[in-house]
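Q: Sequence:
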Amino acid sequence: MSNSVHKRVIQIKTAEFFAEKQLNTDASAEETLDGLMEKIADAKAKLEEIKQEQYRIIEEGKARIIEEKQQWQEEKIRLVEEAKKEGYQAGFQLGKEESRKEYERLLTQANEIVEKAQADYYRTVAKHEDTILHLATGIAEKILKKKLSEDPAHFLPLVQSALKEMREQGVVKIYVHPSKYKAVLENKEELQELLEHDAKLSIYIKEDLSEDGCLIEHPFGRLDAGVDTQLDQIREMLEQLQQENRE
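Numbering (the UniProt record's numbering), first residue to last: 1 to 247.
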């Protein structure tokens, strides 16, 4: 009887052992499966991260290419504009220099014309000494109540002396800066009225004067005036000169 009981106990323990072992095996397999699923999920997540990173890198590369292309276009435009500007400046400087030379040539030509006109005036007067003598004779006849009909040649030296005096003392020259030449020239008639009718007024350009500078040469010397006073100083100088001449 005791042997029968002992066998049942062994059989029961054996069954319990195998049942427990089976449970442990199932639990281990389940844990292994869960671990694999977790690793698979992690791998998928990392793969997705890699894909996102690749996409980001590609998009950044595209954006950088577009940006660099835009920068190159802007740089190309800037270089073209800069080249145009440099070319324009070079052309402008060349044109400016040519214009300055042409301006100086015209100034020289204008002054030469004035000088030639002045010389021609004196030559014309010299050619008509006989006519002037005739006019002077008529004036002398009225003033002195005496007709110089006996020998008009005696009056010729007086006329020649007067002409010489006119050349040396009857000319007033005004020198101004080129920027003020037009303004003074437009008032030449008004300035001329301040002088005697037989006085000769000439206006010249003098580049080395300051813009508001004015130089007046007259028989008694030289006067310095300025255009910035709107010709008042010139008028005053001429009036003073005329007064001294009359005295």
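Please keep in mind that the hints were generated in silico from the structure rather than gathered at the bench. Be aware that a few hints might be false.
Unchecked claim - For lysine-lysine, the following PhoX-like pairs were computed, each having C-alpha atoms within a straight-line distance of at most 25 Å:
no.: 1; residue 1: Lys46; residue 2: Lys76
no.: 2; residue 1: Lys173; residue 2: Lys96
no.: 3; residue 1: Lys206; residue 2: Lys101
no.: 4; residue 1: Lys188; residue 2: Lys200
no.: 5; residue 1: Lys101; residue 2: Lys200
no.: 6; residue 1: Lys76; residue 2: Lys101
no.: 7; residue 1: Lys96; residue 2: Lys85
no.: 8; residue 1: Lys180; residue 2: Lys101
no.: 9; residue 1: Lys116; residue 2: Lys101
no.: 10; residue 1: Lys173; residue 2: Lys116
no.: 11; residue 1: Lys96; residue 2: Lys200
no.: 12; residue 1: Lys182; residue 2: Lys85
no.: 13; residue 1: Lys173; residue 2: Lys188
no.: 14; residue 1: Lys182; residue 2: Lys76
no.: 15; residue 1: Lys76; residue 2: Lys96
no.: 16; residue 1: Lys116; residue 2: Lys182
no.: 17; residue 1: Lys206; residue 2: Lys182
no.: 18; residue 1: Lys206; residue 2: Lys173
no.: 19; residue 1: Lys96; residue 2: Lys116
no.: 20; residue 1: Lys173; residue 2: Lys200
no.: 21; residue 1: Lys116; residue 2: Lys46
no.: 22; residue 1: Lys206; residue 2: Lys188
no.: 23; residue 1: Lys96; residue 2: Lys206
no.: 24; residue 1: Lys85; residue 2: Lys206
Bear in mind that the values here come from a model prediction, so they are computed numbers and not experimental data.
Q: Each hint: holds or not?
A: Do the hints match the structure? See the list:
1. Lys46 / Lys76: Not OK: Lys46 and Lys76 at ~44 Å, beyond 25 Å, violated.
2. Lys173 / Lys96: violated (31 Å)
3. Lys206 / Lys101: holds (16 Å)
4. Lys188 / Lys200: holds (11 Å)
5. Lys101 / Lys200: violated (31 Å)
6. Lys76 / Lys101: violated (37 Å)
7. Lys96 / Lys85: Given pair Lys96, Lys85 holds - Cα atoms ~16 Å apart, limit 25 Å.
8. Lys180 / Lys101: Distance of about 19 Å is within 25 Å: holds.
9. Lys116 / Lys101: With a Cα-Cα distance of about 22 Å, the restraint between Lys116 and Lys101 holds, given a limit of 25 Å.
10. Lys173 / Lys116: Holds. Lys173 to Lys116 sits at ~15 Å (cutoff 25 Å).
11. Lys96 / Lys200: violated (37 Å)
12. Lys182 / Lys85: Violated, at roughly 35 Å.
13. Lys173 / Lys188: holds (11 Å)
14. Lys182 / Lys76: Status violated; Cα separation ~48 Å.
15. Lys76 / Lys96: Roughly 29 Å between the alpha carbons, so the hint for Lys76 and Lys96 is violated.
16. Lys116 / Lys182: holds (20 Å)
17. Lys206 / Lys182: holds (13 Å)
18. Lys206 / Lys173: The given pair, whose Cα atoms are some 11 Å apart, holds under the 25 Å limit.
19. Lys96 / Lys116: At roughly 30 Å apart (the allowed maximum being 25 Å), Lys116 and Lys96 break the hint.
20. Lys173 / Lys200: holds (8 Å)
21. Lys116 / Lys46: Outside the cut-off at roughly 102 Å; violated.
22. Lys206 / Lys188: Between Lys206 and Lys188 the Cα gap is close to 17 Å, so the pair holds against 25 Å.
23. Lys96 / Lys206: With Cα atoms ~21 Å apart, Lys96 and Lys206 stay inside 25 Å; holds.
24. Lys85 / Lys206: With a Cα-Cα distance of about 35 Å, the restraint between Lys85 and Lys206 is violated, given a limit of 25 Å.
Violation of the numbered hints given earlier is confined to hints 1, 2, 5, 6, 11, 12, 14, 15, 19, 21 and 24; the remaining hints are satisfied by the structure.
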